[in-house]
Amino acid sequence: MTEAVNAAPYGRDRRPFLRRLASASEPYLYSAPALILIVTVMLVPLVIGISYAFRDITLLDPFSGGFIGLDHFRALAKDKTFWQALKNTVYWTGYSVALQFCLGLILALLLDKPFRGRGLAQALCFLPWAVPSFLSGLNWAMLFNPIVGPIPHWLFGLGLMDAPDNLLSSPDHAMWGPIIANVWWGIPFFAITLLAALQSIPRDLYEAAAIDGATPFQRFRSITLPFLAPTIAITVMLRTVWIANFADLIVVMTNGGPADRTQIVASYIFTTAFRRLDFGYASAIAMVLLALLLVYSMLIVLLRQTLLRER
Amino acid sequence: MASIDIKDVRKAYGSVKILHGVDLTIQDGEFVVLVGPSGCGKSTLLRMIAGLEDISAGEIKIGGKRVNELDPKDRDIAMVFQSYALYPHMTVAGNMSYSLRLRKTAKEKIASAISGAAEKLSLTPLMERRPKALSGGQRQRVAMGRAIVRSPKAFLFDEPLSNLDARLREHMRGEIKKLHQDLGATSIYVTHDQIEAMTLADRIVAMNAGIVQQVGSPLDLYDRPANLFVAGFMGSPAMNMFEGTYRATDGAPRVELGQGVTVALAGPASTADGARVTLGIRPEHVVVGKNEPESIPAQIDLVEPTGFGTILHANAFGSDVKAFSLERGLAARGDTVSVSFPVERIHLFDTTTGSRIG
Amino acid sequence: MRSNKRIVATIAHRAAILCYVAFALFPLFWVLKISVTPNDLLYSEGVRLWPSRAVFDHFDFVIRHSDFPLFFRNSMIVSLSTAVIVTILSSLGGYAMSRFSFRGKFWIVGLMLLTQMFPLVMLIAPIFKILSPLGLTNSLSGLVLVYVAFNVPFATFLMQSFFDGIPKDLEEAAMIDGATRFMAFRQIILPLTLPGMAATLGFVFTAAWSELLFALMLISGVDASTFPVGLLSFVSKFSVDFGQMMAAGVLALIPACLFFFFIQRYLVQGLTAGAVKG
Ligand SMILES: Nc1ncnc2c1ncn2[C@@H]1O[C@H](COP(=O)(O)OP(=O)(O)O)[C@@H](O)[C@H]1O
Ligand SMILES: [Mg+2]
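Residue numbers (the working numbering), protein chains in the order written: chain A, 1 to 311; chain B, 1 to 358; chain C, 1 to 278.
Just so you know, the hints here were simulated from the structure itself, not pulled from any lab data.
We treat Cβ as the ideally placed atom computed from N, Cα and C, and that holds for glycine.
A hint or two may mislead.
Derived Cβ-Cβ restraints for the label pairs, each shown as a range [as the list claims (entries may be wrong)]:
no.: 1; chain 1: A; residue 1: D112; chain 2: B; residue 2: A106; range: 34 to 42 Å
no.: 2; chain 1: C; residue 1: A198; chain 2: B; residue 2: V16; range: 34 to 42 Å
no.: 3; chain 1: A; residue 1: D212; chain 2: B; residue 2: S38; range: 33 to 41 Å
Only some residues are given here: those of chain A computed to face chain C with a beta carbon under 8 Å [unchecked claim]:
no.: 4; residue: E26
no.: 5; residue: P27
no.: 6; residue: Y52
no.: 7; residue: L107
no.: 8; residue: L155
no.: 9; residue: S169
no.: 10; residue: I192
no.: 11; residue: V252
no.: 12; residue: F274
no.: 13; residue: F279
no.: 14; residue: V288
no.: 15; residue: L290
In isolation and in its complexed conformation, chain A is listed as follows:
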């Protein structure tokens, strides 16, 4: 009896605290499993990976593992393949993004008009997005292969090639193979995002402009483009980063060859880790890539801010 009476005030004091604790920790409980995984499988390896860049780590060499300071970076500065890969990355990313964007924008504009069978046409046009990247790589490699694929014969027939050879083995033009595969695979991404943005433009704006006597091209310039601009800016920026890192198609189609002419930095990292098993060097290259991408993102953000300020 007395105990219960004594316990009562305690109970009253403690419950709000426990309650507060419980309600404060609730969101963390919901997100904890996801967070723990992200931290252990992504963040920790990221930090470890950065430390590898300063160590001599080769998988099959039991004596490796020592701290070697900036040696990898010194080697990197003299690594011709790396510089070539850097150039190739710019080439690969620039052309892929530009073509994906332009063709995606046109497709989005075409699909924005209502017509019979639009749903089906849209599904078919977007289908490449669902094709696994390794399969689109193999698929296009086959199309470029003169033995089983039609493209060399077509190019030859059009007089664009001296003989029906494999584009992927031509040192000067091999990069176009993966770029075309990438464009085919990536058009739907831009088309889908741009189409969504297009459909959110209020229709009566166009009607008002038409009444004011604007030609279709003027309407596109004065209504469509300004409305799409924010979507375009953000998707192009994010997509650029993503494509610069996207090595699947190159690994599958050319494996960097011929003579490293299609090697981009991301595929070079993969090859160094996977085939040469030189984890230290691979991590060093990865760090340089990360730094470059960070600089790129910063530049974009700065550019955006100055543009906004000028407005």
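Chain A is fixed; fit chains B and C with the ligands onto it per the hints.
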């Protein structure tokens, strides 16, 4: 059913203070309406009673028992939301029985409870429909049905009629009042609509900016508003307010309104001679046209017929005077008339503090 | 005059659409064509649009005499488990992001965005080093673990957008009706997000089904090979048998296409949530 006690309840989101100490006691079975402009904290107070918001300070008791620490589910109250918040994936019957199923009520009891509620709200033919297949008014009734099936300690309503069109709103207002007379349940009803407040309430709580301005019966608030806010908020068309100076010399309390116009008062006000005061008079109390000794010359600017009566806007002593009359064709635009303010209908407020002084 | 111009514009529009459809489908069509071309016609009828004799020999061989059914099974196990686990975790996480405002939210969102920004190839070496002593290389569970982590951030954003579409009133009503928050989540909110969860499942499945580089790095034995690894080793090991390879390719395409038509409606939401992911 139970009484509800609210003691010095405060609410702050971070450093932003929303409620500044609310005190209120609601009797068992009483229908109380919280009324005030949008954003004044009515919903916040209601949600604190329901347990959906933490109580920053103060105490809330339901049926004499402190509920500050209780989860909504343990407070045994029911609530009708403005959006109705019907569960889209359940039928009407499913919506109404959900709370009983959670309490593991016996099947037969659930069936009789929901069929009883359905009958009261004439929902019986709709029981197997999904909310999507109902009209706005039907959804509203389902939301009410969901609340009444389990005879809770109290009903909370958060602007339950705001999403209905005017006609349906009027109809449902009547239904809610009847329902309350039937069930006699303790109810707290939030609205920004003063007509709803007037027609439904046993007692009105007028709120503004997180502070309770006045508590009283509807006619109390209408006839003796405690301050300028309540005076201006209750009633439509709104009360006329004129600033002036209070004069109490030579034993005849009066207000000078400017341009030489003076209005006599019934008795002395609780303020000093020369104080800035606001004189209030409801449009329906303004007398137009009779040449009484105290009348003021005015010119009609605007005539608004409402069908039910006529609102006249007259210009007198440099102010706009609104008058409401049941008579039609009393005056036309441009007419010169005289207006007068019957002394027993005049409200007087202190201009700086806003409180009633006579 | 005007209507002539209109007709020309309409024809040009349809023609352009047709070009896009042809461009999108032609490569896939070619895969199908090669897969049904008998070996003796493969080289002689290289550029023909359809072989003079179509056979299913390659499919027969791939299904009955190769390791591809095993790869297919492995890929299914990995992709489905990944998709299911990610959907559960991201539903919980997305719910927290959508319904609570808490101090750590800013940092969690930041962390998740960060994981979407850096090159995942960076992690290949360290993840191999970490998983190898745990016996998680060359194992399907190791692959699932990695895929789950990679897909959780984007899926969380996606689920958050689905939860944001469900009014908060609903669970408040449920809590007043007598449910705990978790019961309200399970009985009211989850049933309403089922379509969203299905879409998330589809997105993650597609992503896991396509993943190549980590599978190549972490898996070396045939027993645990997923489809992409099997297909690539097929290319490098033997003198390539195009017919069989493409027959296997068609098989790999089937689940991807099924899921694609299934999640089509949600593509926009999915791509905005994972704008970085693709
Ligand atoms: N979660 C919140 N965080 C910050 N401010 C809030 C929150 N909820 C409501 N408020 C503020 O509290 C005030 C009162 O809101 P509310 O009670 O909903 O008003 P109303 O009287 O219209 O129902 C408003 O100014 C609103 O902006
Ligand atoms: Mg409100």
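Can you give the numbers of the hints that this structure goes against, from lowest to highest?
1, 8, 9 and 14
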